[in-house]
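Next come the chains, spelled out residue by residue.
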Amino acid sequence: MRPIEYYEPPVPSKVNYINAQYGLKSWLLTKDHKRIALLYLGSITFFFFIGGLYALMIRLELLTPQGDFLQSATYNKVFTQHGIIMIFFFLIPSIPATLGNFLVPMMIGAKDLAFPRINLLSWYIYLLGGVVTIYALLAGGVDTGWTFYTPFSTTFSNSYVVAAGLGIFINGFSSILTGLNFIVTIHTMRAPGMTWFRMPLFIWAHYATSLIMILGTPVIAITILLLAFERISRVGIFDPALGGDPILFQHLFWFYSHPAVYIMILPSMGVISELIANFSRKNIFGYSFVAFSSLAIAVFGFLVWGHHLFVTSQSVYAGMIFSFLSFAVAIPSAIKVFNWTATLYKSSISYDTPMLYALGFIGLFTIGGMTGLFLASLAVDVHLSDTYFVVAHFHYIMVGGALMGYLGGLHYWWPKITGRMYPEGWGRFSALVIFVGFNLTFLPQFVAGYLGMPRRYHAYPPEFQVFNVLSTAGASILGFGMLIPAIYFVWSMRYGKRAESNPWHLPGLEWRTQSPPPTENFEVTPIVTWEAYEFAPAEETQVVGKFGPELEQI
Amino acid sequence: MQSWIPLVPDSASTFSWKVDALYFYLSGVTLFFTLLISAVLIFFVIRYRRRTPYEIPRPIAGSHKLETLWTIIPFVIAMTMFGWGARIYFEQYKPPSNAIEVYVVGKQWMWKLQHATGQREINQLHVPVGRKIKLIMTSEDVIHDFFVPAFRTKADVVPGKYTTLWFEATTPGTYHLFCAEYCGMNHSGMIGSIIVMEPREFDNWLSGNTGNTTPAAAGQQLYQTLGCASCHGANGEGGRGPTLAGVFGKTTQLQTGESVRVDEKYIRESILNPQAQIVAGFGPIMPTFQGQVSEDQLVQIVAFIKSLPAGGQTQTPAPATSPTPNVK
Chain B
1 MRPIEYYEPP
11 VPSKVNYINA
21 QYGLKSWLLT
31 KDHKRIALLY
41 LGSITFFFFI
51 GGLYALMIRL
61 ELLTPQGDFL
71 QSATYNKVFT
81 QHGIIMIFFF
91 LIPSIPATLG
101 NFLVPMMIGA
111 KDLAFPRINL
121 LSWYIYLLGG
131 VVTIYALLAG
141 GVDTGWTFYT
151 PFSTTFSNSY
161 VVAAGLGIFI
171 NGFSSILTGL
181 NFIVTIHTMR
191 APGMTWFRMP
201 LFIWAHYATS
211 LIMILGTPVI
221 AITILLLAFE
231 RISRVGIFDP
241 ALGGDPILFQ
251 HLFWFYSHPA
261 VYIMILPSMG
271 VISELIANFS
281 RKNIFGYSFV
291 AFSSLAIAVF
301 GFLVWGHHLF
311 VTSQSVYAGM
321 IFSFLSFAVA
331 IPSAIKVFNW
341 TATLYKSSIS
351 YDTPMLYALG
361 FIGLFTIGGM
371 TGLFLASLAV
381 DVHLSDTYFV
391 VAHFHYIMVG
401 GALMGYLGGL
411 HYWWPKITGR
421 MYPEGWGRFS
431 ALVIFVGFNL
441 TFLPQFVAGY
451 LGMPRRYHAY
461 PPEFQVFNVL
471 STAGASILGF
481 GMLIPAIYFV
491 WSMRYGKRAE
501 SNPWHLPGLE
511 WRTQSPPPTE
521 NFEVTPIVTW
531 EAYEFAPAEE
541 TQVVGKFGPE
551 LEQI
Chain V
1001 MQSWIPLVPD
1011 SASTFSWKVD
1021 ALYFYLSGVT
1031 LFFTLLISAV
1041 LIFFVIRYRR
1051 RTPYEIPRPI
1061 AGSHKLETLW
1071 TIIPFVIAMT
1081 MFGWGARIYF
1091 EQYKPPSNAI
1101 EVYVVGKQWM
1111 WKLQHATGQR
1121 EINQLHVPVG
1131 RKIKLIMTSE
1141 DVIHDFFVPA
1151 FRTKADVVPG
1161 KYTTLWFEAT
1171 TPGTYHLFCA
1181 EYCGMNHSGM
1191 IGSIIVMEPR
1201 EFDNWLSGNT
1211 GNTTPAAAGQ
1221 QLYQTLGCAS
1231 CHGANGEGGR
1241 GPTLAGVFGK
1251 TTQLQTGESV
1261 RVDEKYIRES
1271 ILNPQAQIVA
1281 GFGPIMPTFQ
1291 GQVSEDQLVQ
1301 IVAFIKSLPA
1311 GGQTQTPAPA
1321 TSPTPNVK
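Residue numbers (this note's numbering), protein chains in the order written: chain B, 1 to 554; chain V, 1001 to 1328.
Hints listed in this document are in silico derivations from the structure and should not be mistaken for laboratory results.
A few chain V residues facing chain B, derived, Cβ under 7 Å: (1) Phe1075; (2) Phe1082; (3) Tyr1089; (4) Pro1149; (5) Gly1160.
Pulled from the structure, derived: some chain B residues nowhere near chain V, Cβ distances all over 10 Å: (6) Lys31; (7) Phe48; (8) Leu63; (9) Leu295; (10) Ser501.
Yeah, the Cβ is synthetic: ideal placement off N, Cα and C, and Gly gets one too.
The whole structure should be built from the sequences, with the hints applied where relevant.
Right under this line is the structure:
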């Protein structure tokens, strides 16, 4: 072990991106990626709490087997709207639009994204999509499930399907523009010396995510248009009574919506790579494997949509191919988990809040990923599809994975973003409470699911009550755990301890400028002469994993 | 509520233990890897905790051997899961030819079922132990899903087509029937029960429900009233329209030169949309019956056509009346 020599940025000037300009107009018309990230942060937090409120209503209803708290029609709207808000207006934009927006330019040494105006436009598009969706919710709501399955959505539902669909349609463009901006920025605006293989893995993850956003989102846009077209003008596309094919909708829908799962989880994996490396002061084990596994996930992710259709009368041979590919897509995720774990070997691990979130992520994501294998496995999926097992599985990925990564990242970069420290003790406490609450909420659902409890049930047979009581208890703890960071983050913006430029003593580019950064990010354009996560000089590198006499070199 | 928490639902079909075995294998592997990762993680986190604030560990180069190892091992394990799951799936969705058929029509929010012998049931299905049962299912409105957890099987019930589900019950008892595909307001009320009986009891139950017209007999009546006979012949021997007798399950040549297997779906389509696939040698003269026949009636007509023996001899499907009406 050698003592740290970390880069000390110059004495911060009083001017930074937050106080460089004042007034509402300076925020609403800003082209600064950092300010836009904050605009996004505020908006997605707003939607997160609406979605959370719906989750609370779901858990309250399911406390007892009878449908006694809400009416069936209301309950159906509540779970639909929980899904729509959480997926399209929180999870998909969560990390890319906030942390990604803030950090992609900073981590590669750029002054801003390639298209600052388009970046602002994407936020306005997101807002417009949000307003249209909220209109749909207030006007009467939507009850199709977030999956909008036909012909229920096109012919039978008496709710605001087209308005909700329009909101998602509009919102999709904000996603496409963000992806476009990231790809161009990463290709063209890297600082001198910042080669592809010197990029932090957060950037690789965002690159892979952006590819999915650009290639996948247009498909959901088309699908929603076709749905609206059939609903409004009664032209047969999906409804068999009009000559359409209802299963076609499911193919189109999942062609986007399965890759969308990777839009949610890949950025989070990028955050975890940062946290694991930086809080153990170690280069990531198998950097290139972790980087390429992100790309592999993005590519394979487009080929597995059919595993959502194993029980729809899809051909058994198609089912077998989709099952095989679904198992294949699990491998890059497994590679990441093994490499993160190996990174910790002989490292120097701190127990700061972001690291606790990262460690929690690895455990929860392992369970989430492994239970995905149950659903990729044809015969077991036949029994499990549309049960609570599926609900538990995707919450392990989206909350245990995506949300834990988001919260970990938010804590990690909070000093950089706001120039203030959050209270460390409360931070660790919240990580613990969220971890416990989360597991208590969703572990029982795996058992309930295998026992046969179908999802989207307003009332259920009494033998499932014990699992639902546990879930509701867990959800209360989880909800409480979420409130803690919400409170102390807001508190810290005014009262938190002032953060140093490099409070964690790290080599990454974003830490080589003041906190909060100046509008142009860096006083002088940095020149990169080091590898990613280079805490110590390369000549000290130790080689492990020798099984034979020969030494290996990477 | 039970005093203990079960890990698997009731097992009542030949699939149950097969799916459970695979489930336990998957659970075992999941448990093993979750515990392994957690244990290694916890060990590292304690063993390599930061001891002094400014220490820097030596960097470690990656290892191609390790990467290969932890790519190949998970892949091999995943392939065993894939192969095992695919084998059972193949069995689940390839119905045997010698099964007893039951017709199922789903609608918001109820299950309508009819046995080949004519007995109708709503939200209930009586089946005997040890006989293969094949459900031929369709929906009047939206997509539903016929799910029997105790049988470890389910299949979507899709409007506009027939889907099938088969099982062989092993243990008498009453089991849940759920609709597993969200179908609107009262989705969670679209439930029922599967009553599995000893074959003897089942025969008693069947004979206790007397006076039912079999689907095939009802279909024959519809065949007459809808005027099918004027073109397809009184016994399906054909005429201006193609022969119906004995064609079920066979392959027939189409006008376009393609050939098609005559199954439930093809017959249904030919009634609702006759121009779609015309048999070679015939003109597009048949009118559509869309809107004139319900899904229940379509099922009956299909059952009638299936019952016609080759050659078009006169054959009247007998109504299922009980020879011994006093058993129950």
